[in-house]
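*Asks:* Let the hints inform the model, and build the full structure from the sequences given.
So the sequence lines, in the order shown, correspond to chains A and B. Each residue of the first sequence is one higher than the one before, starting from 5 at the first, in this note's numbering. Each residue of the second sequence is one higher than the one before, starting from 79 at the first, in this note's numbering.
Derived by calculation from the structure, the hints in this document are not laboratory data. There may be inaccurate statements among the hints.
[Said to hold, decoys possible] Derived DSSO-like pairs (lysine-lysine); straight-line CA-CA distance at most 30 Å:
id	chain 1	residue 1	chain 2	residue 2
1	A	K61	A	K17
2	B	K129	A	K17
3	B	K137	A	K61
4	B	K114	B	K182
5	B	K182	B	K148
6	B	K148	A	K105
7	B	K137	A	K5
8	B	K177	A	K61
9	B	K148	B	K137
10	B	K177	B	K135
11	B	K135	A	K17
12	B	K114	B	K148
13	B	K177	B	K114
14	A	K105	B	K182
15	B	K182	B	K137
16	B	K129	B	K182
17	B	K148	B	K134
18	A	K105	A	K61
19	A	K5	A	K105
20	B	K177	B	K129
21	B	K182	B	K134
22	B	K134	A	K105
23	B	K148	B	K177
24	B	K135	A	K105
25	A	K5	A	K61
26	A	K5	B	K177
27	A	K5	B	K135
28	B	K134	A	K17
29	A	K5	B	K148
30	B	K182	B	K135
31	B	K129	B	K148
32	B	K182	A	K17
33	B	K129	B	K114
34	A	K105	B	K177
35	A	K5	B	K134
36	A	K105	B	K129
37	B	K135	A	K61
38	B	K114	B	K134
39	A	K61	B	K129
Keep in mind the model is a prediction, meaning the values are calculated, not measured.
Take a look at the letters that make up each chain.
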Amino acid sequence: KAGVTQTPRYLIKTRGQQVTLSCSPISGHRSVSWYQQTPGQGLQFLFEYFSETQRNKGNFPGRFSGRQFSNSRSEMNVSTLELGDSALYLCASSLERGREKLFFGSGTQLSVL
Amino acid sequence: GQQVMQIPQYQHVQEGEDFTTYCNSSTTLSNIQWYKQRPGGHPVFLIQLVKSGEVKKQKRLTFQFGEAKKNSSLHITATQTTDVGTYFCAGDSGGSNYKLTFGKGTLLTVNP
Numbered sequence: 005k006a007g008v009t010q011t012p013r014y015l016i017k018t019r020g021q022q023v024t025l026s027c028s029p030i031s032g033h034r035s036v037s038w039y040q041q042t043p044g045q046g047l048q049f050l051f052e053y054f055s056e057t058q059r060n061k062g063n064f065p066g067r068f069s070g071r072q073f074s075n076s077r078s079e080m081n082v083s084t085l086e087l088g089d090s091a092l093y094l095c096a097s098s099l100e101r102g103r104e105k106l107f108f109g110s111g112t113q114l115s116v117l
Numbered sequence: 079g080q081q082v083m084q085i086p087q088y089q090h091v092q093e094g095e096d097f098t099t100y101c102n103s104s105t106t107l108s109n110i111q112w113y114k115q116r117p118g119g120h121p122v123f124l125i126q127l128v129k130s131g132e133v134k135k136q137k138r139l140t141f142q143f144g145e146a147k148k149n150s151s152l153h154i155t156a157t158q159t160t161d162v163g164t165y166f167c168a169g170d171s172g173g174s175n176y177k178l179t180f181g182k183g184t185l186l187t188v189n190p
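*Replies:* If you want it as structure tokens, here you go:
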């Protein structure tokens with residue numbers, strides 16, 4: 005089985021722009037979670053999607069949004085980018101919700117200039 | 079909200095020495111998971127613990143879940159250079175609002 009695929013791998017944007025990141029989970033996995041990873045803050049939970057519905061959300065501003073499609077693929081969007089949004093954005097999929105191990109993608113490294 | 083703290087933040091050892099990282103939660107956990115992230119890589123699942131006092135071993139790695147289900151530890155015996163990376167614990171408090179909260183990780187470096 006192919007692993008979790010995230011595109012693009014690297015992204016450079018300027019302040020004020022918006023960005024869309026894509027995540028294709030492992031085939032058959034229905035839950036997709038997004039995390040922001042920075043050196044100072046570690047892995048911070050953004051949101052989780054299951055059956056096309058956002059099931060949980062972390063403490064991030066409304067500029068961060070996401071969605072999940074019927075094939076479980078997910079996208080996250082960040083609008084009005086700020087310098088502090090520079091981070092590695094990781095997507096993780098799991099078979100179902102709750103007590104499931106997460107399979108992470110390689111991430112999208114976002115740099116905001 | 080739930081907080082998961084890990085110590086130490088960094089650990090440098092000589093190859094062959096043992097290593098332990100500790101994880102503490104502000105709330106009782108339903109389960110705890112451990113992940114390893116190699117430099118430049120992504121987190122990879124190591125193990126999940128769900129029972130109070132549970133101990134699991136994977137070769138040189140020993141994982142423990144505290145009796146009160148608020149703390150956990152990962153111990154590596156006789157470290158090797160392949161053990162280099164950041165070790166994260168992640169816990170959830172259970173309930174329908176399932177959410178894994180990650181600790182900030184312990185970066186292990188091994189001097190050959």
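*Asks:* Determine for every hint whether it applies to the structure shown.
*Replies:* Each hint, compared with the structure:
{"no.": "1", "hint": "K61/A to K17/A", "result": "holds (25 Å)"}
{"no.": "2", "hint": "K129/B to K17/A", "result": "violated (45 Å)"}
{"no.": "3", "hint": "K137/B to K61/A", "result": "violated (36 Å)"}
{"no.": "4", "hint": "K114/B to K182/B", "result": "holds (12 Å)"}
{"no.": "5", "hint": "K182/B to K148/B", "result": "holds (16 Å)"}
{"no.": "6", "hint": "K148/B to K105/A", "result": "holds (19 Å)"}
{"no.": "7", "hint": "K137/B to K5/A", "result": "holds (26 Å)"}
{"no.": "8", "hint": "K177/B to K61/A", "result": "holds (9 Å)"}
{"no.": "9", "hint": "K148/B to K137/B", "result": "holds (25 Å)"}
{"no.": "10", "hint": "K177/B to K135/B", "result": "holds (25 Å)"}
{"no.": "11", "hint": "K135/B to K17/A", "result": "violated (44 Å)"}
{"no.": "12", "hint": "K114/B to K148/B", "result": "holds (20 Å)"}
{"no.": "13", "hint": "K177/B to K114/B", "result": "holds (19 Å)"}
{"no.": "14", "hint": "K105/A to K182/B", "result": "holds (18 Å)"}
{"no.": "15", "hint": "K182/B to K137/B", "result": "holds (25 Å)"}
{"no.": "16", "hint": "K129/B to K182/B", "result": "holds (23 Å)"}
{"no.": "17", "hint": "K148/B to K134/B", "result": "holds (17 Å)"}
{"no.": "18", "hint": "K105/A to K61/A", "result": "holds (19 Å)"}
{"no.": "19", "hint": "K5/A to K105/A", "result": "holds (16 Å)"}
{"no.": "20", "hint": "K177/B to K129/B", "result": "holds (18 Å)"}
{"no.": "21", "hint": "K182/B to K134/B", "result": "holds (22 Å)"}
{"no.": "22", "hint": "K134/B to K105/A", "result": "holds (16 Å)"}
{"no.": "23", "hint": "K148/B to K177/B", "result": "holds (16 Å)"}
{"no.": "24", "hint": "K135/B to K105/A", "result": "holds (17 Å)"}
{"no.": "25", "hint": "K5/A to K61/A", "result": "holds (29 Å)"}
{"no.": "26", "hint": "K5/A to K177/B", "result": "holds (26 Å)"}
{"no.": "27", "hint": "K5/A to K135/B", "result": "holds (27 Å)"}
{"no.": "28", "hint": "K134/B to K17/A", "result": "violated (44 Å)"}
{"no.": "29", "hint": "K5/A to K148/B", "result": "violated (35 Å)"}
{"no.": "30", "hint": "K182/B to K135/B", "result": "holds (23 Å)"}
{"no.": "31", "hint": "K129/B to K148/B", "result": "holds (11 Å)"}
{"no.": "32", "hint": "K182/B to K17/A", "result": "holds (27 Å)"}
{"no.": "33", "hint": "K129/B to K114/B", "result": "holds (21 Å)"}
{"no.": "34", "hint": "K105/A to K177/B", "result": "holds (12 Å)"}
{"no.": "35", "hint": "K5/A to K134/B", "result": "holds (27 Å)"}
{"no.": "36", "hint": "K105/A to K129/B", "result": "holds (16 Å)"}
{"no.": "37", "hint": "K135/B to K61/A", "result": "violated (33 Å)"}
{"no.": "38", "hint": "K114/B to K134/B", "result": "holds (16 Å)"}
{"no.": "39", "hint": "K61/A to K129/B", "result": "holds (27 Å)"}
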